[in-house]
Structures are given as structure tokens and as C-alpha cells.
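According to my numbering, the sequence shown holds residues -2 to 281 in order.
Treat each hint with caution, since some may be false.
As the list claims (entries may be wrong) - Computed Cβ-Cβ distance ranges for the label pairs, DEER-style:
| # | residue 1 | residue 2 | range |
| --- | --- | --- | --- |
| 1 | Gly126 | Cys250 | 17 to 27 Å |
| 2 | Leu53 | Thr29 | 13 to 23 Å |
| 3 | Met252 | Val68 | 26 to 36 Å |
| 4 | Ser145 | Thr30 | 35 to 45 Å |
| 5 | Val164 | Asp190 | 42 to 52 Å |
| 6 | Leu44 | Ala122 | 37 to 47 Å |
| 7 | Leu130 | Leu44 | 36 to 46 Å |
| 8 | Gly147 | Asp187 | 40 to 50 Å |
| 9 | Leu48 | Pro113 | 24 to 34 Å |
Calculated directly from the structure, the hints in this document are not laboratory data. Where a beta carbon is used, it is the ideal one built from N, C-alpha and C, also for glycine.
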Amino acid sequence: MIVGLGSFFNFFEVALSSLLVPLLPGGWASSTTDKSALIGATFAGELLGALPLSGLADRFGRQRMFQINLVAYAVLSVGAAFAPDAATLFALRVLLGIGLGAELALMDTYLTELMPTPRRGRMLATAYGLGMLAVPVAGLLAAKLPHSLGGVASWRWLMAFAACGAVIVWVLRRRLPASPRWLATHRPGDALDAMTRIEASAGHSAPATGIENPGRTVALHPVSAPPSATSGDHAVQLRLWGPQLRRRTLLVCAMESLGPIASTASPPSPPSCCWTRGSLWSSR
């Protein structure tokens, strides 16, 4: 639920990409190009963030990158709320999107490593379901809020709301356990301690491995040393585009590319002969 709450504000920000445009001052998005640039700014940042920053979670740990992403997101959201012009807002939303891109990939990795196998799919769906609620919430707020609150434009309040939510999630996520799978590769002794704490919170007095008193002196299975960040990322890229995974990688890329297109596309203007009851009787 805590991870899903973080994704809520992630998708809230994605929804604002298109919802903010009608609320901005007239001169900020007067042309189609200006509107398209502001809508695409966050997605461009996500592309820039997902590719290089996702590997940092493998190097520094899932929990630490969770916190770094949220702090950056909150700071940049506040900065965007105080943007004096469209160019500044565009630049800040690109930077904000960089953190969002890394967050989505990190969320999937963390949940996959922590959730029990029989309920992993259901828990992932629950986290994403909670996150997707942000889209109708953002739409409702954008539609119902007055254009100005306390002399401040409503779109600035929306950005501030996203920043406050990120701070709350940052506090809650401090209690999340570290990923034992990541620790097993980088700090094997700490991995046993992490498993002990997780199982104790689940009501188990002893680890599932049957070790009564796990500690740093317990013999561990050999774990290969983690490769350097550069060589590791390069090796992963080679595997993803290798003969065995190339088709799957292309399929996932197509799905992830078409999803944002569908979510940001504006509904077409109604045709001149809409088939509503009033227009039908008028035409008759």
C-alpha cells in the first residue's frame, strides 16, 4: 500500500501533464506547439530518467533510491508551482519527469523482489490500481477547483498538492524494509538480518530456511560479486536485445509507448451531426 501510494502521486503528475494546459495563463500555451511541448515535457523526462537512473537502484539499493526520487520529486513540484513563465515550467517538468521514470521501474523491481510468489500478481495489481486512482482524482480537482484560490491560480495548488503528497510518502517509506535480494548480492550478512525482521513482522519466529539463530557467522551460499555499473548495464542491454529476448523486449516497448499516447490524447471535437436526442430532432 505504501508503494502504491507513491505511485498515486506519480500517476497524479502524469495526469497533470494534459490537465494543466487549460488552466495555464493564456499566453503560456497559445499555440498547438506550446501545448504539445508542455504535455510531452514530463514524458520526455521519464524517458531520460528510466534509462540511465534505473541502474542506480542496482548500485545503491532500492530503499535509498525510493527516498531520493521522492525528495527530488517534491522539490521540483514546488519549483514548478512557482514557475514564472512557460519556459521555466517546461524545464522543471522535464526534470520532474526524470525522477518519475526511475520511480516506475524501481516500484516494479522492489515489489517483485519483496512480494510472495503466490500473491505477487495480485499485489502488483493492487499497487497499480491505487496509483491509477490518481487520474480521476486529478481530473476531478482540475474540473471542480475554482480558477483561483486565495489569489493563487488553481494549477499552482495542484502542483503544491503533489509535492505535499510526496513528502508524506517519503515519511511512510522510511519504514519499508530493504530488499533481501539486493542485500544478498551486495551485503550478504545484512540480507539475513533483513529476512529475520521481515519474518518477525509476519509472525514467524524463525526464518523459513530453518536456521534458528541467523547471524553474520552463518555460512552463506557463494554470491558472485556485483559487476560494475557500466558493465552490468551493458550486459543487461545485450541480453534484452539478444536473440532470445528481442521479440519480448519489442513487445513491451510497443505496449509502454502506446499507453501514454492513449492516456494523453484529447477527445476529438464532436462532429456537426452528433447523434444526440436534441440534434436528431433538430435535424428532422
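Pairwise beta carbon distance, leucine 48 to proline 113, judged against the given window 24 to 34 Å: 30 Å, holds
Outcome for the supplied range 26 to 36 Å, where the beta carbon pair is methionine 252 and valine 68: About 30 Å separates the Cβ atoms of methionine 252 and valine 68, which means 26 to 36 Å holds.
Range hint 35 to 45 Å (beta carbons of serine 145 and threonine 30) holds or violated: 27 Å, violated
Distance restraint hint 40 to 50 Å, applied to the beta-carbon atoms of glycine 147 and aspartate 187: 48 Å, holds
Assessment of proposed distance window 13 to 23 Å (beta carbons of leucine 53, threonine 29): Roughly 36 Å apart at Cβ, these two residues miss the hinted range, so it is violated.
Verdict for glycine 126, cysteine 250 (Cβ pair) under range 17 to 27 Å: 24 Å, holds
Range agreement (Cβ of alanine 122 with Cβ of leucine 44, hint 37 to 47 Å): With a Cβ separation near 25 Å, leucine 44 and alanine 122 fall outside 37 to 47 Å, so the hint is violated.
Assessment of proposed distance window 36 to 46 Å (beta carbons of leucine 130, leucine 44): 25 Å, violated
Assessment of proposed distance window 42 to 52 Å (beta carbons of valine 164, aspartate 190): 29 Å, violated
The structure fails to meet hints 2, 4, 5, 6 and 7 from the earlier list, while all remaining hints are met.
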